[in-house]
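Single-letter residue listing:
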Amino acid sequence: MAEIRLEHLRHSYMPNPQGPDDYALKEVDVTWEDGGAYALLGPSGCGKSTLLNIVSGLLAPSEGRILFDGQDVTGLPPDKRNIAQVFQFPVIYDTMTVRQNLAFPLKNRGVAPARIAERVAEIAAMLEVEDMLDTRAAHLSPDNKQKISMGRGLVRDDVNVVMFDEPLTVIDPHLKWKLRSKLKELHQRVRATMIYVTHDQTEALTFADKVVVMQEGEVVQIGTPVELFERPAHTFVGHFIGSPGMNILPGRVDAGQVMLGDVAVPMAGRVAGDGAVEIGVRPEFVELGDTGLPATVARVSDVGRHAIVEARLGDLTVKAKVEGTPPPAGTDVRLSFRPDRTRAYRDGWNVTEDAA
Amino acid sequence: MKTENQKAWFFVLPVLLLVAFNALVPIMTVVNYSVQETFGDNLFFWQGLDWFQQLLNSERFYAALGRQFLFTGIILAIEVPLGILIALSMPRKGIWVPVCLVLMALPMLIPWNVVGAMWNIFALPKIGMLGYFLNDVLGVPYDMTQNPLAAWITIIVMDVWHWTSLVVLLSYAGLVSISDAYYQAARIDGASRWSVFRYIELPKMKSVLTIAILLRFMDSFNIYTEPFVLTGGGPGNSTTLLSIDLVKIALGQFDLGPAAAMSLIYFAITLLVSWVFYSLMTKDDAK
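Respectively, the protein sequence lines represent chains S and C. The numbers in UniProt numbering rise by one with no breaks, and the one at position 218 of the first sequence is 218. The numbers in UniProt numbering rise by one with no breaks, and the one at position 123 of the second sequence is 123.
It is worth saying that the hints were derived from the structure and are not from the lab. Being a predicted model, the structure only gives us computed values, none of them experimental. Heads up, a few of these hints could be off.
[To be verified] DSBU-like cross-link-like pairs, simulated, lysine-lysine; straight-line CA separation at most 35 Å:
#: 1; chain 1: S; residue 1: 80; chain 2: C; residue 2: 93
#: 2; chain 1: C; residue 1: 248; chain 2: S; residue 2: 107
#: 3; chain 1: S; residue 1: 107; chain 2: C; residue 2: 126
#: 4; chain 1: C; residue 1: 204; chain 2: S; residue 2: 182
#: 5; chain 1: C; residue 1: 204; chain 2: S; residue 2: 107
#: 6; chain 1: S; residue 1: 184; chain 2: S; residue 2: 319
#: 7; chain 1: C; residue 1: 204; chain 2: S; residue 2: 176
#: 8; chain 1: C; residue 1: 204; chain 2: S; residue 2: 184
#: 9; chain 1: S; residue 1: 182; chain 2: S; residue 2: 80
#: 10; chain 1: S; residue 1: 107; chain 2: C; residue 2: 7
#: 11; chain 1: C; residue 1: 283; chain 2: S; residue 2: 26
[Unchecked claim] Simulated coverage check for chain S against chain C, where a stretch passes if three residues somewhere in it have a Cβ under 8 Å from a Cβ of chain C:
#: 12; segment: 93-103
#: 13; segment: 127-133
Where a beta carbon is used, it is the ideal one built from N, C-alpha and C, also for glycine.
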């Protein structure tokens, strides 16, 4: 188990990258603390798998360094880094039994047979696969195969980091939450540093203590799920996380006051600089009431416990999450934004100071 | 209630006719010959199982059968490992892939009798490049027209040259279907090169390899054209394989009865060995 630090990491798949657009990873500086559960979240093609493969050593970065506990491992191959990785599609050795599959990484490293048996039994108990230890792995169902892949990742107790590359893609929806909670439980038991790559926010937010959000080869925010929800540092985070995502409205700053059209939008934090900004507020923090911006309800979608109300505000659309009975379409309402959850963004980045 | 519709049989009829004319009728003709003695003017005399008994008691048949198994055994023992080895060392990506594939496919595109003729000319002492080089440059005595060992080596090398590509191409097809994740996982698991072959590549190649071995067995067990053109079964009878012997009996001596009996036994052996191979190679899958 180790602390993992990535310093000025850049990677391009081209031999001679010219501009920043040629880089799959633009400039990544991240520190993953020892024993933490991290998620790497971003849309497809944002560079998260590239980053993962660089950490595991399957890919050499174009620039920058990777440090495990302060030791430079940039030039080391995967088997010398002492890491484990679970892939998107279950990788199992078809001709071996489940037991042999689990023992394989230990056997290759010359671990004593008694110790191997002990570790395999321990991992099998954790994954609840003891009853299938002597069946051929080829005949397992996809979710069990993936469990065995995870088991091979966890069987070595001295690994620096265990990485998961979208491991639940091929799993049936009703088994996903089961494996996800299993994984969370495993993390609490083995306390290894874990990095979980996914484009699914639910997976990321339920698994991780800290989520690293990536977009177009850049890390846009690192934070706990609550931080990402309440204080998105970038409009991308606001938009990508949440269902539906954050409302992003065009506004401007006049003498320290954020204006939406002619109306001032109160914010708890001070906004630096004048000029055009984007106002970001999550649907959860938009209230329908008697005061505030006049708008008309355009559409209501009932999604169960709450309703999503789409209101027209001039030619803008604002979404609000409403508990209880929503007003029907066509109703005139007034919208107010919670000042401590409303922020101004310039070029995508938050420019609102936190009000203590 | 299920209604039975007998009209469906009409749809099977064309296939039935096709199979009848292309397999059943010819085989039954052979069966017919195998139990009778034939003379000119279409005179037939019932012989019962005489031809079979005669054949199964003849040393000549067992000698040819032994040579046949020896030949097939040797070429399988060479072509299968060699084919896998070549497939493993071929590039998986890039511009060299089509080049390698075409080069590999070339020997298989050459007509069989041309292969025999090519190797005949190539290997003849004095005239052939190989024969001249071995005898007159290296000083190794090599004459496939006189020396049985030289003749055997020549037909084996010829078959390896002609057919190893089949094993290569089939194995290669199996190899390229393995996703990168397997190799990456193996690297992370610390697997050796041998382990990667034993636990990833070989299991993934197994189904295509089964087909390759079966095809190579059947083809080599029934081989006729190439060794016939190359050595004509000689020197003496040393390279007279089963099929060459069969043709000698059927067309050389015009003994249609014994030849028909031999054909049937030949067919039964090929079928039996293929079935044994197939059962052995696929028995793990059922577990």
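Hint check results:
Distance restraint check for residue 80 of chain S and residue 93 of chain C: the Cα-Cα separation of roughly 26 Å lies within the 35 Å cut-off, and the hinted pair is therefore satisfied. Between residue 248 of chain C and residue 107 of chain S the alpha-carbon distance is near 59 Å, which puts this suggested pair outside the 35 Å criterion. For the proposed pair residue 107 of chain S and residue 126 of chain C, the alpha carbon gap of about 59 Å is over 35 Å, so the pair is violated. In summary, the hint linking residue 204 of chain C to residue 182 of chain S is supported, as the alpha carbons are separated by about 31 Å, within the 35 Å threshold.
With a CA separation close to 22 Å, the supplied pair residue 204 of chain C and residue 107 of chain S stays within the 35 Å bound. For a cut-off of 35 Å, the pair hint linking residue 184 of chain S to residue 319 of chain S stands: about 33 Å separates their Cα positions. With a C-alpha separation of about 28 Å, the suggested pairing of residue 204 of chain C with residue 176 of chain S holds against the 35 Å cut-off. At roughly 33 Å between alpha-carbon atoms, residue 204 of chain C and residue 184 of chain S fall within 35 Å of each other, so this suggested pair holds.
Among the hinted pairs, residue 182 of chain S with residue 80 of chain S is consistent with the structure: their alpha-carbon atoms are about 28 Å apart, no more than 35 Å. Taken as a hint, the residue 107 of chain S and residue 7 of chain C pair is broken in the structure, with Cα atoms around 63 Å apart against an allowance of 35 Å. For the proposed pair residue 283 of chain C and residue 26 of chain S, the alpha carbon gap of about 53 Å is over 35 Å, so the pair is violated. For the segment 93-103 of chain S, the proposed coverage by chain C is satisfied: 4 residues have a C-beta within less than 8 Å of a C-beta in that chain, meeting the threshold of three.
Proximity of the segment 127-133 of chain S to chain C, defined as three or more residues with a beta carbon under 8 Å from a beta carbon of that chain, is not established by the 0 residues found.
Checked against the numbered hints above, the structure breaks hints 2, 3, 10, 11 and 13 and satisfies the rest.
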